[in-house]
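Chemist: Just so you know, the sequences run in chain order D and Y. At position 329 of the first sequence (counting the first as 1) the number is 329 in the numbering used here, and the numbers step up by one without a gap. At position 233 of the second sequence (counting the first as 1) the number is 233 in the numbering used here, and the numbers step up by one without a gap.
Fair warning: there could be bad hints in the mix.
Capping the alpha-carbon separation at 27 angstroms, the derived lysine-lysine pairs in BS3-like fashion look like this [stated by the list, open to error]: (1) K27(Y) with K131(D); (2) K120(Y) with K27(Y); (3) K133(D) with K209(Y); (4) K209(Y) with K288(Y); (5) K40(Y) with K46(D); (6) K40(D) with K84(Y); (7) K104(Y) with K159(Y); (8) K207(Y) with K206(D); (9) K210(D) with K288(D).
To list a few chain D residues with every Cβ distance to chain Y over 12 angstroms, as calculated [unchecked claim]: (10) S185; (11) P188; (12) Q287; (13) H289.
These are computed hints drawn from the structure, not numbers from a lab. Idealized CB from N, CA, C, for every residue including glycine.
Number of protein chains: 2
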Amino acid sequence: MEDRILLGHGSGGKLMYQLIREHFMPKFGMKSLNDSAVLKGITKGKIAFTTDSYVVSPIFFPGGNIGELAVYGTVNDLAMVGAKPLYITSGLILEEGFPLNDLKKILTAMSKAAETAGVKIVAGDTKVVNKGKADGIFINTSGVGVIDEGIEISPSRVKPGDKVILSGPIGNHGVSIMAERNGLSFNPPVISDTAPLNGLVREMLKKTKKIHALRDPTRGGLATTLKEIATDSGYCILIEENLIPVPPGVRGACELLGLDPLYIANEGILSAIVSSDVAELVLKTMQKHPLGKEARFIGEVQKSPVGMVLLKTAIGGTRIIEMLSGDQLPRIC
Amino acid sequence: MEDRILLGHGSGGKLMYQLIREHFMPKFGMKSLNDSAVLKGITKGKIAFTTDSYVVSPIFFPGGNIGELAVYGTVNDLAMVGAKPLYITSGLILEEGFPLNDLKKILTAMSKAAETAGVKIVAGDTKVVNKGKADGIFINTSGVGVIDEGIEISPSRVKPGDKVILSGPIGNHGVSIMAERNGLSFNPPVISDTAPLNGLVREMLKKTKKIHALRDPTRGGLATTLKEIATDSGYCILIEENLIPVPPGVRGACELLGLDPLYIANEGILSAIVSSDVAELVLKTMQKHPLGKEARFIGEVQKSPVGMVLLKTAIGGTRIIEMLSGDQLPRIC
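Bound conformation, chain D alone:
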């Protein structure tokens, strides 16, 4: 086999079958080549279904690569509606000439990530486009999961008095990508936080169903995520700058480059809006999980001003938080 991807690898013929049989099927534990997978074990509860395409640049970055990012990102989208992620598909678009070794590394990362997150990659598709018509590799992952009876996570359940919990420090993913892209290095180094959040969410839901909203602050960062919840719920979210953990490396990078950590993408943290009577219980549960060790309260929900996010700043003022405008960091995931 060639050591680079050829157009013929996407033609539907011999080369493609060879590629799939030698590299995809063993890695993903697939037994047959049907275009559609037949899923088993979904008999009760509601089903969640999601999709995400990954175009991150560079494809290898401190803490991971596009492969695990694609698996964890879709796992996390399912977890954020309270679903147990079960099945994932892998849709690859490769640029002619893409090194086969890089593809192998990425498939290995996808395979390990699926194992870590407890999901199965059940169907896939691979297309190849001419050199110069894509940027190495783009990956789409779609996912299916089940939501147990009684779980309903939706901004419409958010109420005044609810507490806002953040599971960990912000900004690591976005800054790690940006540093890699621009050849910058920070001390201490900034590593992407890419991780599957379904285990953490499962522990939280074991304790209570009073989790009203969950979001992983990816593109657009924590600010955009909270603004979405505030808009959809019709209430105000008040957060305190002093309570939001920003690692030194992220803070340094943001100061240097004039960025706001609230708008930087994350790939392994979540914000939860929970009923105040269970807030302490949820927080303690999160802190016992490796991905929630640094979980803390960062604010609460108020009745008004409607649909707004307010930030109490470190120096005592109040700032209105809007969605990200423009393109602070393109191709971050």
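On the provided structure of chain D, position chain Y as indicated by the hints.
Modeler: Chain Y only, in chain D's frame:
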């Protein structure tokens, strides 16, 4: 709003929400912006799950565009395992500078195609990459459907004596793309056959469960598809060249360009391998459906030579049919 796609449209912020709220949500009939859709109405039967990325070039071609191709292609993958397609996701990768008007046309085509096929587009994702890092637009669609009890369509059910039915003429999609790409025109014109096959399959399955294998011969064409079935079943498929309908335009184009119509991609036909005792019934049922009007027997399954596809040629010889090798027609879907 700008009349071209900007990097900011993929940033997760304001511009992206504006794009989604103004263009995607009304077209796809979506009410909320959650990353994961919660599916309803799946309570019994097995679930089928599939994914496909579409990178066709050009994106507009005689008979359709990348939008309906993306919806019908995934609908067809589900139909080929006997599933009733229900839900589709839409993952778009846009190149910076892509004309908004083209995007609108494509979204309209996706919306109409979903309606025609009877599926709902329930979740989506949109990424934007820098100019020169993609080719206008790539679309991933993933799909979920349900397979009723008692339906099992799999090459492992194929047996010697089974009949091979082809639902319509071959080569239209591939030749229409190639003609458009190269500025060729044929008389009569060749139009892509892109169409949803789930309705046709439903009629067939209403009559009998003895449909052993179903495939839509897309990339790699009828030849590659039948070779896959022969390999997986461990039997021989014998087809007759004289029985395979090749439209005059397709034949002309293939002669001109030295291509073999058996390897040209199709997007609206299927081949079915059915038990001989129900073969006439299935054929007549197909012929009553608009997409099966020209359905006919093209061959049968034999015990040996194991895993091979043999073609009785028009001049009386026998040719061994292999999978497509190389890249006869890249980016055909």
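Chemist: All the hints need checking, so say for each whether the structure fits it.
Modeler: Now the hints, each set against the structure:
1. K27(Y) with K131(D): 33 angstroms, violated
2. K120(Y) with K27(Y): 11 angstroms, holds
3. K133(D) with K209(Y): Outside the cut-off at roughly 44 angstroms; violated.
4. K209(Y) with K288(Y): 18 angstroms, holds
5. K40(Y) with K46(D): Holds, because 7 angstroms separates the two Cα atoms, which is no more than 27 angstroms.
6. K40(D) with K84(Y): The given pair, whose Cα atoms are some 16 angstroms apart, holds under the 27 angstroms limit.
7. K104(Y) with K159(Y): 47 angstroms, violated
8. K207(Y) with K206(D): It is violated: about 47 angstroms lies between the C-alpha atoms, which goes past 27 angstroms.
9. K210(D) with K288(D): Status holds; Cα separation ~19 angstroms.
10. S185: 24 angstroms, holds
11. P188: 27 angstroms, holds
12. Q287: The claim holds: Q287(D) sits with its nearest Cβ about 26 angstroms from chain Y, beyond 12 angstroms.
13. H289: Holds: least Cβ distance 21 angstroms, greater than 12 angstroms.
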